[in-house]
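Colleague: Each chain, letter by letter, is given below.
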Amino acid sequence: MRIAFSLAILCVAAFYTSVAFGGLPFLSSAGRLGPGFFPRIIGLSLVAFTLYNLYFDLKRRNREEPLTPFWSTTLVVALLSALFIVGLELLGGLLAMMAFMLVSLFVLNRRQPVVNALISIFLPIGIYVVFSVWLRAGLPEGLLPLPI
Amino acid sequence: MDIFDNLLLGLAVALQPINIVYLLIGTMVGMFVGIIPGFGPSAGLAILLPVTFGMEPTGAVMMLAAIYYGSMYGGTITSILLNTPGESATVASTFDGYPLAQQGRAGPALVMQAVASFIGGTIGVILITLLAPLFAQVARSFGPPEFFMLIMMGLLMLVVMIGENWRLGVISTLIGFALGTVGVDLETGSQRFTFGSAELIEGIDFIPIAIGLFGLGELYYSFYEGLHAKGSGGIIQYQKEKRFWPDLRDWIDTRFAMLRGSLLGFVIGVLPGAGATIASLMAYSVEKAASKTPERFGKGMMAGLAGPEAANNAASSGAMVPLLTLGIPGSGSTAVLLAAFLLWGLQPGPLLMAQNPEFAWGLIASMYLGNVALLAINIFAIPLFVLMIRLPYRILAPGVILICTIGTYAVHGSIIEVWLMFIAGLVGFLMKLYGFSPAATVLALVLGPMAEETLRQTLTISRGSAMIFIERGVSLTILLVMVAIVLAAAALRLSRTRARAAGSAPAVGS
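For the record, the sequence lines run as chains U and D. So for the first sequence, numbering that gives the first Met the number 0 puts the first residue at 0; every next one is plus one. So for the second sequence, numbering that gives the first Met the number 0 puts the first residue at 0; every next one is plus one.
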């Protein structure tokens with residue numbers, strides 16, 4: 000995983016550098032330092048340091064620590080976070096928050112269904128009041144024609 | 000106007016009822032942020048920044064600053080009662096804080112940490128009051144070369160402090176710089192790395208990245224470490240102890256430790272990149288070295304708790320000096336504070352104290368009041384925070400995800416920024432997992448545009464010659480300091496390697 004992460008950074012760094020050299024001029028039309036000046040320095044340095052780091056990663060590839068037993072829970076929480084954002088677009092702010100809390104607490108805290116239900120109702124309402132009513136920030140309305 | 004008049008002006012601003020309310024909310028929230036393990040002030044500030052948008056700027060920044068220094072107080076409660084530091088700056092407080100609690104002295108330890116934190120924080124604010132105007136005056140003579148070198152020194156310090164994984168720190172910094180180049184180049188008007196997207200023309204906003212890296216990233220990492228599976232069963236029941244207050248012996252034993260910790264912490268806090276964690280660990284070492292009974296450290300010495308506590312609070316005050324007078328943050332937390340300043344159109348730097356005295360001195364005066372409030376809250380509201388410690392992480396965490404997501408959306412009403420925050424969260428988790436530095440990325444993202452602008456201005460002034468950095472006295476001094484930092488770090492590393500080699504080699508004659 001560590002090597003894959005370093006490789007991913009290297010790919011992004013190489014792409015960044017190629018754009019910096021290919022699409023951004025080093026000097027402006029007025030002869031001053033142009034938009035490509037700084038990105039070229041950053042890109043080249045990033046590629047060089049990532050390669051250097053990758054060398055160390057490869058050298059110690061057999062000493063990588065095993066995953067903790069909680070990696071699957073982490074993955075589930077990350078997936079739920081992503082689904083929550085999708086829910087925001089579909090259901091709107093308040094309903095998506097309630098649904099997310101209910102599902103998350105059902106997954107993480109199964110032994111207290113009543114507590115979960117109460118938190119899932121009142122915490123989203125509290126956040127709705129703070130952001131939508133007090134701060135007038137406006138929450139996502141959602142695509143579905145729901146009353147809230 | 001002299002310092003005293005300025006301070007009175009600041010007090011008049013800070014004592015406005017609405018500002019006092021914001022300050023008290025900030026101190027309480029800071030305490031709460033501090034006691035949640037795996038959730039530092041950077042995360043707390045980033046997540047709560049959007050909540051302050053509807054507020055008046057001075058009150059909002061006072062509240063955010065209170066969250067920042069309040070978290071230093073809060074983190075120690077779990078260090079003492081649970082042997083789990085609420086955040087990295089309170090790691091040193093577990094060394095003697097928890098043994099004290101095990102010996103039935105949790106009450107005196109909790110009171111002593113509150114008093115030490117108050118003394119450290121207050122000495123820190125007194126030093127800000129005295130030194131910040133001088134710093135600002137000196138900084139007025141700085142030009143682009145000096146500012147560029149200062150930015151580089153701050154980032155270098157941060158990378159050096161990472162230790163053996165310094166190359167990961169460099170990569171983290173470069174990623175932040177790269178993110179900072181997205182958007183319109185202000186000097187030529189050209190678009191960079193926007194790929195035709197209208198959303199990227201104004202650049203990558205700081206808030207989704209900070210909330211993602213610090214908030215979501217930390218949260219995923221806490222799940223990965225199994226924090227949700229741990230209960231608070233091991234918490235020490237301080238209510239059952241006979242004595243709650245420290246005795247005379249404790250006050251005598253710690254009087255110099257607090258003073259030493261405060262001064263050391265402030266100096267380290269002023270240095271960009273060093274911060275409260277280093278300050279508290281160094282203060283612990285200093286106390287141990289200064290003690291007549293160093294062998295008792297780690298077994299429940301009150302000075303081993305008071306010194307680091309005074310240091311981490313004084314460091315958080317010290318970190319405000321470069322932020323206010325140079326506009327250069329030295330850590331992830333102060334980078335978020337800088338972003339808050341900029342959001343309200345306040346440009347920290349040499350002219351801030353002259354152009355916005357009500358704001359600058361109001362903030363400083365609020366820190367005096369904030370420390371007093373925190374002392375009272377720490378001593379009398381401990382039962383409330385113990386209740387908070389008992390709140391299981393598995394219930395708390397979904398609420399944090401909710402606030403991160405809604406907070407990010409609230410800034411510009413952009414769902415794309417929410418997705419950006421989510422991606423930054425995943426990347427932040429992987430960065431933390433593999434030893435990268437999300438703080439360096441955020442700091443570089445904030446400072447990147449300034450670094451680029453000052454470098455281009457410098458090279459324009461010098462007609463492309465880098466010799467300008469050597470020809471100007473201040474920039475040369477900063478350069479020499481940077482060289483000294485690199486050499487010192489290399490020497491330290493070499494000596495550690497030698498010591499390890501000597502330790503692993505078979506003893507002669509064995």
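Any given hint might turn out to be false.
Each pair of labels, with its calculated beta carbon distance range [unchecked claim]:
1. I40/U - A501/D: 55 to 63 Å
2. E88/U - R495/D: 34 to 42 Å
3. S461/D - N61/U: 21 to 29 Å
4. Q136/D - L26/U: 33 to 41 Å
5. L133/D - L26/U: 27 to 35 Å
6. S28/U - Q354/D: 45 to 53 Å
Pairs of lysine to any residue residues, derived as SDA-like cross-links and limited to a Cα-Cα distance of at most 25 Å, are as follows [said to hold, decoys possible]:
7. K291/D - I251/D
8. K58/U - K291/D
9. K431/D - R59/U
Everything labelled a hint here was simulated from the structure, so no lab data went into it. Using N, Cα and C, we set each Cβ at its ideal position, and we do this for glycine too.
Colleague: Against each hint, give a clear statement of whether it holds in the structure.
Modeller: Each hint tested on the structure:
1. I40/U - A501/D: 55 to 63 Å: violated (41 Å)
2. E88/U - R495/D: 34 to 42 Å: Violated - the Cβ-Cβ distance for E88/U and R495/D, about 52 Å, lies outside 34 to 42 Å.
3. S461/D - N61/U: 21 to 29 Å: Violated, since S461/D and N61/U (Cβ atoms, about 50 Å apart) do not stay within the stated range.
4. Q136/D - L26/U: 33 to 41 Å: holds (38 Å)
5. L133/D - L26/U: 27 to 35 Å: 41 Å Cβ-Cβ, so the 27 to 35 Å window is violated.
6. S28/U - Q354/D: 45 to 53 Å: Cβ of S28/U to Cβ of Q354/D: about 35 Å, so the range 45 to 53 Å is violated.
7. K291/D - I251/D: holds (14 Å)
8. K58/U - K291/D: Given pair K58/U, K291/D is violated - Cα atoms ~46 Å apart, limit 25 Å.
9. K431/D - R59/U: holds (18 Å)
Checked against the numbered hints given earlier, the structure breaks hints 1, 2, 3, 5, 6 and 8 and satisfies all the rest.
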